[in-house]
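Number of protein chains: 2
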Amino acid sequence: MKIDGTPFRSIWVDETDGWVVRIIDQTKLPWAVDLVRLTTMDEVAHAIKAMLVRGAPLIGASAAYGVALAMRADPSDANLSHAITVLGATRPTAINLRWALARMEAALRPLGGNARAAAAYAQAAQICDEDVATNAAIGKHGMQLIAERARSNKPVNILTHCNAGWLATVDWGTALAPIYMAHDAGIDVHVWVEETRPRNQGASLTAWELGKHGVPHTVIADNAGGHLMQRGDVDLVIVGTDRVTRTGDVANKIGTYLKALAARDNGVPFWVALPSSTIDWTISDGLSDIPIEERAQSEVTTITGRALDGAIATIRIVPKDSPAANPAFDVTPARLVSGLITERGLCRAHADALHEIFKETA
Amino acid sequence: MKIDGTPFRSIWVDETDGWVVRIIDQTKLPWAVDLVRLTTMDEVAHAIKAMLVRGAPLIGASAAYGVALAMRADPSDANLSHAITVLGATRPTAINLRWALARMEAALRPLGGNARAAAAYAQAAQICDEDVATNAAIGKHGMQLIAERARSNKPVNILTHCNAGWLATVDWGTALAPIYMAHDAGIDVHVWVEETRPRNQGASLTAWELGKHGVPHTVIADNAGGHLMQRGDVDLVIVGTDRVTRTGDVANKIGTYLKALAARDNGVPFWVALPSSTIDWTISDGLSDIPIEERAQSEVTTITGRALDGAIATIRIVPKDSPAANPAFDVTPARLVSGLITERGLCRAHADALHEIFKETA
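These protein sequence lines map, in sequence, to chains F and L. Per our numbering, the first sequence starts with residue 29, numbered consecutively. Per our numbering, the second sequence starts with residue 29, numbered consecutively.
One or more of the hints may lead you astray.
As the list claims (entries may be wrong) - Computed footprint of chain F on chain L; a stretch qualifies when at least three of its residues, placed anywhere within it, have a C-beta under 8 Å from a C-beta of chain F:
hint : stretch
1    : 110-118
2    : 136-149
3    : 247-254
4    : 336-342
5    : 354-364
Please keep in mind that the hints were generated in silico from the structure rather than gathered at the bench. Every residue, glycine too, gets a C-beta built ideally from N, C-alpha and C.
All chains, full assembly: derive it from the sequences and hints.
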């Protein structure tokens with residue numbers, strides 16, 4: 029998508045040298061667009077762990093390029109195994125990470141050492157291109173849900189949590205793809221952007237990318253989402269996900285489950301947008317089988333933003349002797365999900381429905 | 029309750045001069061304990077509006093002292109009416125404000141001008157003393173709920189939202205009174221303190237007052253409360269309220285409704301602690317009849333805390349061109365409330381049950 033008129037992806041290979049991986053440091057947004065150069069596998073692992081890149085699909089794409097950088101430095105079997113291990117340990121919840129690494133390993137392991145680097149770059153590029161095509165398909169299918177709610181007197185109000193926009197993927201986004209497409213098609217949309225504490229990816233990333241694309245939106249505290257549904261100001265909820273079970277349970281950013289409960293209580297459709305690489309076909313019970321990442325207390329006790337003088341500042345917002353807990357994801361049971369928006373179309377959050385459109389997984 | 033060993037109330041008349049009203053400026057907590065002097069009715073109105081004092085019971089007590097300061101300056105009928113009008117317009121949601129002002133007016137209107145100031149101070153002091161006694165009774169009744177969940181191997185985990193502690197009342201608090209009493213009685217309790225965006229009264233006030241009293245607690249993002257219930261880490265939810273309908277619908281800080289939904293979904297008891305002055309006996313439908321205050325966008329787009337150098341700083345956390353919305357309260361329907369903790373005992377959130385223990389309202 030575009031930043032001030034210039035098209036961007038969230039990850040790409042530098043055109044000048046042909047091998048350095050470039051990303052936008054998402055910890056600096058919305059205050060600075062800092063295009064970081066990643067030159068080693070360890071730098072990629074750090075970028076994922078420290079969330080310079082985040083979002084399940086982008087984590088997968090980044091890990092693929094991490095393997096490519098590793099193969100450029102040392103294409104040995106041992107180093108391939110080492111890269112897969114290190115990159116695989118960066119984040120526990122997103123399944124796309126494991127998916128992308130498995131795909132890289134399957135493509136590279138059979139090859140001789142001196143063919144691996146080129147093949148790894150080609151495979152990573154293909155993962156990225158496929159992600160863009162997948163998200164475009166998600167956008168097209170999800171746009172139906174918005175189009176059928178369009179009316180002349182007021183916008184379609186869509187609530188989203190966290191960031192599942194183009195910054196969370198290679199381009200388009202998952203939850204935001206239908207919104208971008210509807211907006212571009214002239215449908216009057218308005219997005220309630222939940223700030224998404226503690227890391228505020230909604231306020232800092234979703235608001236920023238919607239703003240840069242010109243999509244009308246309003247930032248709200250996460251606490252406000254239920255009240256807006258009670259008063260009839262939400263037509264549709266669309267969120268992304270980090271892992272979906274074969275039965276349709278959805279792991280997503282902490283707080284998603286609360287909005288699914290409110291949506292059900294108020295008869296608001298609650299949809300989850302995802303590429304099929306986010307589905308973990310090996311598990312059936314999201315609550316017991318999906319590992320939930322516990323992140324640092326400091327993400328709750330401190331917050332970063334821009335001071336009145338323009339400088340970026342980090343402040344403490346919790347008394348110094350009070351501890352904090354920081355589970356990063358929660359699981360929304362399939363029973364609360366109206367449906368899934370996949371690259372193959374809309375489908376119920378249910379094992380049978382998923383197998384119906386992904387028959388090859390049976 | 030105590031601050032570093034010294035007993036405090038949240039509002040009192042200065043002992044030296046006998047008429048100046050003193051409060052703790054709660055906008056400065058937890059970083060500074062600033063004991064502000066209020067000398068005019070307008071200063072009291074500003075203190076309520078700008079939330080130097082907040083919490084439904086304390087808003088009522090503060091307004092009572094605002095009337096006293098007004099009567100000291102000019103005890104005329106016109107000025108009494110003026111004070112009631114100005115103070116009554118400071119905050120729309122808390123019913124205690126209207127209750128306290130009606131009580132002051134009923135006590136003062138019949139009196140001659142030169143008796144009004146002394147009577148007003150006496151009436152305000154009585155409102156405060158009654159609040160303390162009421163909250164102690166709430167604490168005693170609510171403590172049963174905690175005591176019956178006590179066990180030897182782990183603490184009773186109680187989740188609370190916003191601040192309904194002694195800082196929200198004159199002393200003891202409403203939701204926190206049972207917790208203080210249980211803790212003081214030697215019951216092992218642990219409190220999940222929701223930060224309560226956007227103003228963070230949980231992180232800055234509840235965590236601070238629990239810490240000062242030595243009650244074990246952990247601060248969490250508001251988003252985390254549902255997940256903690258899903259994994260069995262919450263035994264009981266207790267919150268305060270700004271207005272309860274005669275039928276048991278509960279208006280409280282934005283986000284409360286979401287926790288009530290999660291509590292029901294996970295079989296966790298959801299209790300609301302309140303003095304009967306918080307009950308609005310004139311209304312039956314919380315969703316349609318309770319006005320919800322919309323506060324400034326800046327409460328969402330900026331946040332204040334302590335920088336690494338110790339200075340208090342305000343930073344912006346939303347892109348500069350993104351608007352925000354800030355509804356301050358939501359309504360939890362009675363069907364989601366396990367029960368009410370009042371000064372007369374525990375009771376179902378239902379008109380019949382409320383009339384049973386408050387027969388004089390029939």
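Cross-check of the supplied hints:
Beta-carbon proximity to chain F at under 8 Å applies to 0 residues in the stretch 110-118 of chain L; the threshold of 3 is not reached and the given coverage is violated. With a threshold of 8 Å between beta carbons, the proposed coverage of the stretch 136-149 of chain L by chain F is violated, since 0 of its residues qualify and at least three are required. With 8 residues bearing a CB less than 8 Å from a CB of chain F, the stretch 247-254 of chain L meets the requirement of three and the coverage assertion stands. Proximity of the stretch 336-342 of chain L to chain F, defined as three or more residues with a beta carbon under 8 Å from a beta carbon of that chain, is established by the 3 residues found.
A count of 5 residues in the stretch 354-364 of chain L with a Cβ less than 8 Å from any Cβ of chain F is obtained; the coverage claim is therefore met, three being the minimum.
Figure legend: structure checked against the earlier numbered hints; hints not met, in rising order: 1, 2.
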